[in-house]
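Undergrad: Could you build the full structure based on these sequences and the hints that come with them?
The listed protein sequences correspond, in order, to chains Z and B. Using the working numbering, read the first sequence as starting at 1 and increasing by one per residue. Using the working numbering, read the second sequence as starting at 1 and increasing by one per residue.
For the record, the hints were derived by calculation from the structure and aren't laboratory data. What you are looking at is a predicted structure, and each value in this text was computed from that prediction instead of being measured. A portion of the hints provided could be inaccurate.
Between beta-carbon pairs, the in silico distance windows are [what the hints assert, rightly or not]:
1. R4(B) / S116(Z): 20 to 28 Å
2. N269(B) / Q155(Z): 30 to 38 Å
3. E3(B) / D239(Z): 29 to 37 Å
For each residue, glycine too, the CB sits at the ideal point set by N, CA and C.
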Amino acid sequence: MSIPTLQGLQTALSGLLAEQSALDVTGSNIANANTEGYSRETAVLQPNPPLDIPAISTLTGQGAQLGTGVGVQTITRIRNTYLDAQYRAQNSALSNASTQTEVLSQAQAAFNEPTSASIAAQLSSFWSAWNSLADSPTGEAGEAAKVGVAEAGEQLARTFNELSSQLSTIASQVGEQYSSLTGASGEVHNLATQIAQLNGQIRLSEEAGQPPNTMLDRRDELLDKLSGLANVTVTEQSDHTDIVTFGDAAEPLVEDTTVNWPQALTEASGGELGALLNLTGPKGALTGLQTGLDGVAETLAATVNAQLKTPFFSGATATTLAVAVEPGEVQASDNGVSGNNEAALAVAGLRGGAAEEGYAALVEQLGSDVQDAKDEQTNLQTTVTAINDQRQAVSGVSLDEEMTNLITFQRGYQASARTMTAMDEMLDTLINHTGVAGL
Amino acid sequence: MTERITPAMVTASTLNDLNSSLTALERTSDELSSGKTILEPSDNPYGASRVIDLQSQLDGLSSYETNAKDGISWENTASSAMSSINSAAERVRELILQAANGTTNQSDLETIALQVEQLTEGIKQAADTQYAGQYVFSGTATTTRPYELGAGDEYQGNAETIGRAVGPGATVTVSTNISTLLGNGEASGDGKLLDTLRTTIKNLRGGTAADREALTNTDLQNLDGNLETLSELQATAGSATDQLQAALSRNEDLQTAISESLSNTDDTNVAAASIAYANEQAAYNAALRAGATIVQESLLNFLQ
Numbered sequence: 001m002s003i004p005t006l007q008g009l010q011t012a013l014s015g016l017l018a019e020q021s022a023l024d025v026t027g028s029n030i031a032n033a034n035t036e037g038y039s040r041e042t043a044v045l046q047p048n049p050p051l052d053i054p055a056i057s058t059l060t061g062q063g064a065q066l067g068t069g070v071g072v073q074t075i076t077r078i079r080n081t082y083l084d085a086q087y088r089a090q091n092s093a094l095s096n097a098s099t100q101t102e103v104l105s106q107a108q109a110a111f112n113e114p115t116s117a118s119i120a121a122q123l124s125s126f127w128s129a130w131n132s133l134a135d136s137p138t139g140e141a142g143e144a145a146k147v148g149v150a151e152a153g154e155q156l157a158r159t160f161n162e163l164s165s166q167l168s169t170i171a172s173q174v175g176e177q178y179s180s181l182t183g184a185s186g187e188v189h190n191l192a193t194q195i196a197q198l199n200g201q202i203r204l205s206e207e208a209g210q211p212p213n214t215m216l217d218r219r220d221e222l223l224d225k226l227s228g229l230a231n232v233t234v235t236e237q238s239d240h241t242d243i244v245t246f247g248d249a250a251e252p253l254v255e256d257t258t259v260n261w262p263q264a265l266t267e268a269s270g271g272e273l274g275a276l277l278n279l280t281g282p283k284g285a286l287t288g289l290q291t292g293l294d295g296v297a298e299t300l301a302a303t304v305n306a307q308l309k310t311p312f313f314s315g316a317t318a319t320t321l322a323v324a325v326e327p328g329e330v331q332a333s334d335n336g337v338s339g340n341n342e343a344a345l346a347v348a349g350l351r352g353g354a355a356e357e358g359y360a361a362l363v364e365q366l367g368s369d370v371q372d373a374k375d376e377q378t379n380l381q382t383t384v385t386a387i388n389d390q391r392q393a394v395s396g397v398s399l400d401e402e403m404t405n406l407i408t409f410q411r412g413y414q415a416s417a418r419t420m421t422a423m424d425e426m427l428d429t430l431i432n433h434t435g436v437a438g439l
Numbered sequence: 001m002t003e004r005i006t007p008a009m010v011t012a013s014t015l016n017d018l019n020s021s022l023t024a025l026e027r028t029s030d031e032l033s034s035g036k037t038i039l040e041p042s043d044n045p046y047g048a049s050r051v052i053d054l055q056s057q058l059d060g061l062s063s064y065e066t067n068a069k070d071g072i073s074w075e076n077t078a079s080s081a082m083s084s085i086n087s088a089a090e091r092v093r094e095l096i097l098q099a100a101n102g103t104t105n106q107s108d109l110e111t112i113a114l115q116v117e118q119l120t121e122g123i124k125q126a127a128d129t130q131y132a133g134q135y136v137f138s139g140t141a142t143t144t145r146p147y148e149l150g151a152g153d154e155y156q157g158n159a160e161t162i163g164r165a166v167g168p169g170a171t172v173t174v175s176t177n178i179s180t181l182l183g184n185g186e187a188s189g190d191g192k193l194l195d196t197l198r199t200t201i202k203n204l205r206g207g208t209a210a211d212r213e214a215l216t217n218t219d220l221q222n223l224d225g226n227l228e229t230l231s232e233l234q235a236t237a238g239s240a241t242d243q244l245q246a247a248l249s250r251n252e253d254l255q256t257a258i259s260e261s262l263s264n265t266d267d268t269n270v271a272a273a274s275i276a277y278a279n280e281q282a283a284y285n286a287a288l289r290a291g292a293t294i295v296q297e298s299l300l301n302f303l304q
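TA: Here's what the structure looks like:
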C-alpha cells in the first residue's frame, strides 16, 4: 500500500488551516463593512496536489489519485475596473456640474431677484420717482420729489455697484479656488504624489508575490477623488503601476513613481477645475453676467441722460454708475421754466424700456443657466449613484453573505477537526490495540 | 439589475430617498409660506423675467393712476375758478344792460362802474387760483401769478402746456391758457375779457352819449364774445377731465388684468400646494418608517 499512514492527519490539518484563513478573511470583511473604498476580499482555495496511487485496484490494476486536502492559493479583492472607469468619467461630469451650480447659485443670490432689494424693484421705484416729479415739479412738493428722484437714483446706482462688486468677488474666489487646488501643496499635487508612491509600493509587493489589496483599494480611492477635479484616464501597466492622465494636460500626471505637476489645463478638462476655468473664461457665465450688467448700466445711463440737458448719471459700467447731480439740480423741465415737466415725463416714460428689458433678459439668462446646471447635476447624481450601486454590488461587503460564510467556514473547520479525530481514533486502534491478541 | 445588495447600498439609497423627499417637502413648504412659486430665477427663468416686466407695468399703472387723479383734481380746481369767472362776467353783462337802461343817471353809472371794478378784481383773483402750490393758469410758469392784482393787467405766465402721463405714451394736457380769455388788458386793445371790462368801466364813467352807445354796442358784443371763449375753455377742461376719468377706469381694468397675470405666473396655488404638501409628508413618513425597518434588518438578528 502506498498511502502514507499519517496522510489523513495532514489532509485534515490542511482543511483546518484553509478554513481558518477563510474565517480570517471573513472577519476582515466584516470589520471593514463600513470602510470607505474597501473591496471585499475572498480566500481563493485550491486543492493540494494529489497523491498518485499506482495500483489501487488489484482486479483491474488501475491506479488512482488521492486528494491531499486544500491550500489557500491567494487572497484576492473583488473589483470591476470597468465600473471604476465609468464611475470616474461620470464623477468628473458631476463635479463639473456641481461646481457650476454652486458658483452660479451664488451669483443668482447676489442678484436678489425677486425681492424689493433687487435692481428690478429699484428701477421701478426710480421711474415712479420721476413720475412724482412730473406731477409736482415746483414748490415744496417739487423739492421733495427731486430728493425722491435723487435718492432712488443713488440707491439704484449703489445696487448696481454692489452687485458688480459681488460678481467680481465671486469671480476672484473662483480664481483662488483654482489656484489653491492646483498649487504646490494643492489637492492635485497631493493626490498625485500619493498615487505615485502607491505605484512604487504596489510594484514591489506584486514582485514579492503578495497581492497588495489594501494599497490597490487606497489607490482606487485616490483616483476616484482625483476624478472629481478633472477627467482622468487610468492605464494599468504590466507591473501593476498606473499611468494617470489628467484633464487635457499635455503629460500624464502620474507615470510610474513620477509626478508631472504643475501643468496647464483648459476649460475642456472637465471636473471641478474645468468648471472653474470655464466660469471665469472669456465665454464663461460669470464673465457674461458682468458684461451683461455693465451693458444694462450703460443703457440706463445713456437713455436717462438723453432726456436731460445735464446728465443725471455718470459712469457707463455697473461699477462706476453714480448719480451726477445734487437733489436740487434734478431737472423736471426741458427748457428751464420751473413748472415745465417735459423732462420728468420723458424719463418716467422710459419705464419698460431698453434698460429694463436688458436686465430682465439677463435675469432670465442667469436663471436658465442655474436651472440647466442644477438639472444636469441631478441627472448626473442619479447616474453616479447607479454606477456606485453597481460597484457596491460587486465590491461592497454584504453582512448577510459574510454571516453565511462565517457559518460555512466555521462548520468546515469543525468538520475538518472531526476528520482529524476520526484519523486519530483510527491510528489509536492501529497503534494501541493492534497486535495485542491474547495479552 | 444588481446581484448583491449590501447594507451600505441600502443605507445610501434610504438616505438618498429621505433627502429627496425632504427636499420636495421643504420646497412646497417654502412655496406655501412665501405664497410665491418663483423664489429665485432658476425656479422659472422665463417666469422670473415676466414677473419683472409685469411688476414694473403694475407700478407704472399705479403711477398713471396717481397722475390721472392728480390731473382730475387740477381740472376741478381750474373748472371751479372758470365757473366763478363765468358768474362774474355774467353779472357784468347784467350790469351793462342795467346801465344801458335810459333811466339811470351818472351817479348810478358810477356805482355800477365800482361794482364792475370789484368784479374785475374778483376775476383776476380767480385766475390766480392755485392747486397744490402751483398757479393753474400760468402755463408752465406755475410759480408766477398769471395776473397781478390791482392796475396791471399784463399776463405774467406763458403759453406752454402741462401734461399728465396717463398711460405709456399717452399724455393729457391739464393746463388752460387763460390769457386767451383774459388777454393783456386795455393797453393792448386785444378785445379780451380784461380789455373789455376796463373799457366798460371807462365808458360807464365817460358820461357822454357815445359812451352810453358803446356800452350796449361794442362792450356788450365784446363781452358776449369773451363769454363764448370762456365756455370753449370750460368745454376743453371738461373734456380733459373726461379723458382722465376714462384713463382712470381703463387703468383699473388693466391693473386687475395684470395683477391676475402676475398672480398666475408667480403665486402659489394654495389648494394644490397643500395637497402636494400632504402627499409629500406622507411619502416622507413612509420613507422614514421603511428606512428605519429595513436598515435594522440583517441575518444577524436571526442567528443564534
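Undergrad: Against each hint, give a clear statement of whether it holds in the structure.
TA: Now the hints, each set against the structure:
1. R4(B) / S116(Z): 20 to 28 Å: Roughly 56 Å apart at Cβ, these two residues miss the hinted range, so it is violated.
2. N269(B) / Q155(Z): 30 to 38 Å: holds, 34 Å
3. E3(B) / D239(Z): 29 to 37 Å: holds, 32 Å
Figure legend: structure checked against the earlier numbered hints; the only hint not met is number 1.
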